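Peer 1: Residue strings, one per chain:
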Amino acid sequence: NAGVTQTPKFRVLKTGQSMTLLCAQDMNHEYMYWYRQDPGMGLRLIHYSVGEGTTAKGEVPDGYNVSRLKKQNFLLGLESAAPSQTSVYFCASSYSGRKNIQYFGAGTRLSVL
Amino acid sequence: GQSLEQPSEVTAVEGAIVQINCTYQTSGFYGLSWYQQHDGGAPTFLSYNALDGLEETGRFSSFLSRSDSYGYLLLQELQMKDSASYFCAVIRGSYIPTFGRGTSLIVHP
Chain P
23 NAGVTQTPKF RVLKTGQSMT LLCAQDMNHE YMYWYRQDPG MGLRLIHYSV
73 GEGTTAKGEV PDGYNVSRLK KQNFLLGLES AAPSQTSVYF CASSYSGRKN
123 IQYFGAGTRL SVL
Chain Z
101 GQSLEQPSEV TAVEGAIVQI NCTYQTSGFY GLSWYQQHDG GAPTFLSYNA
151 LDGLEETGRF SSFLSRSDSY GYLLLQELQM KDSASYFCAV IRGSYIPTFG
201 RGTSLIVHP
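The listed protein sequences correspond, in order, to chains P and Z. First residue of the first sequence? That's 23 in my numbering, and the numbers climb one at a time after it. First residue of the second sequence? That's 101 in my numbering, and the numbers climb one at a time after it.
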């Protein structure tokens, strides 16, 4: 049972480049989330999804887009990367019956030069 | 708006007891969660309090006072492996959490 898997684990981008981060969960969870973590800032919610085909904005959505075409996958896209998007990105999922418990992936460390 | 306050750093010695406090201001409060994160690792769920009082899980306990908008995480019999960051998170009506900035716990031998 893999839980929540994020790919890639590391990535370096140049300003203006685009990329997609993939999150996959095998726990049949309805809820999925994307966070960014910066030093001293805790975890800030970027976007989330409460089910297949649905997405919603979180606290810091600007510069990011998401899609949830399949229940098990949640994609985070950066259309034109900026140095301010250098961060560690975490995906999480939760079960609708226990929404208060989130299961996190190992993270993606992104540097934008 | 919402705000959560927790100390940025706490230090303690092995075998001791340490308390990490969390105060919050929010509307539509449902409960308070705690997560642990080791350096370079993923956050992992520790506990959740929806009602006032103490919840105990092994060496870890979590407390909530809704009237005081306050909670704490209590770690007993500290071990070196407990050195990590600890985050409180407010759960609101949509069950979307808002995390605090985290408390770095340093356990000395």
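Quick caveat, the hints were computed from the structure, so don't treat them as lab data. Don't take every hint at face value.
[Said to hold, decoys possible] Which bits of chain P does chain Z cover? Going by a derived footprint, with three or more residues having C-beta under 8 Å, they are: (1) 91-105; (2) 117-131.
[What the hints assert, rightly or not] Going by beta-carbon spacing under 8 Å, a handful of chain P positions derived as facing chain Z: (3) Gly62; (4) Met63; (5) Gly64; (6) Leu65; (7) Leu67; (8) Phe112.
Small disclaimer: the values here were computed from a predicted structure and weren't measured. All residues carry an ideal CB built from backbone N, CA and C; glycine is no exception.
Peer 1: Each hint: holds or not?
Peer 2: Results for each hint:
1. 91-105: That given contact is violated, which follows from only 0 residues of the segment 91-105 of chain P lying within Cβ reach (below 8 Å) of chain Z.
2. 117-131: holds (count 9)
3. Gly62: Where the cut-off is 8 Å and the nearest Cβ of chain Z is about 6 Å from Gly62(P), the hint holds.
4. Met63: Holds. Min distance 6 Å.
5. Gly64: Holds. Min distance 4 Å.
6. Leu65: holds (4 Å)
7. Leu67: holds (7 Å)
8. Phe112: Holds, because the Cβ-Cβ distance from Phe112(P) to chain Z comes to roughly 7 Å (cut-off 8 Å).
The structure is inconsistent with hint 1 alone, although it conforms to all the rest.
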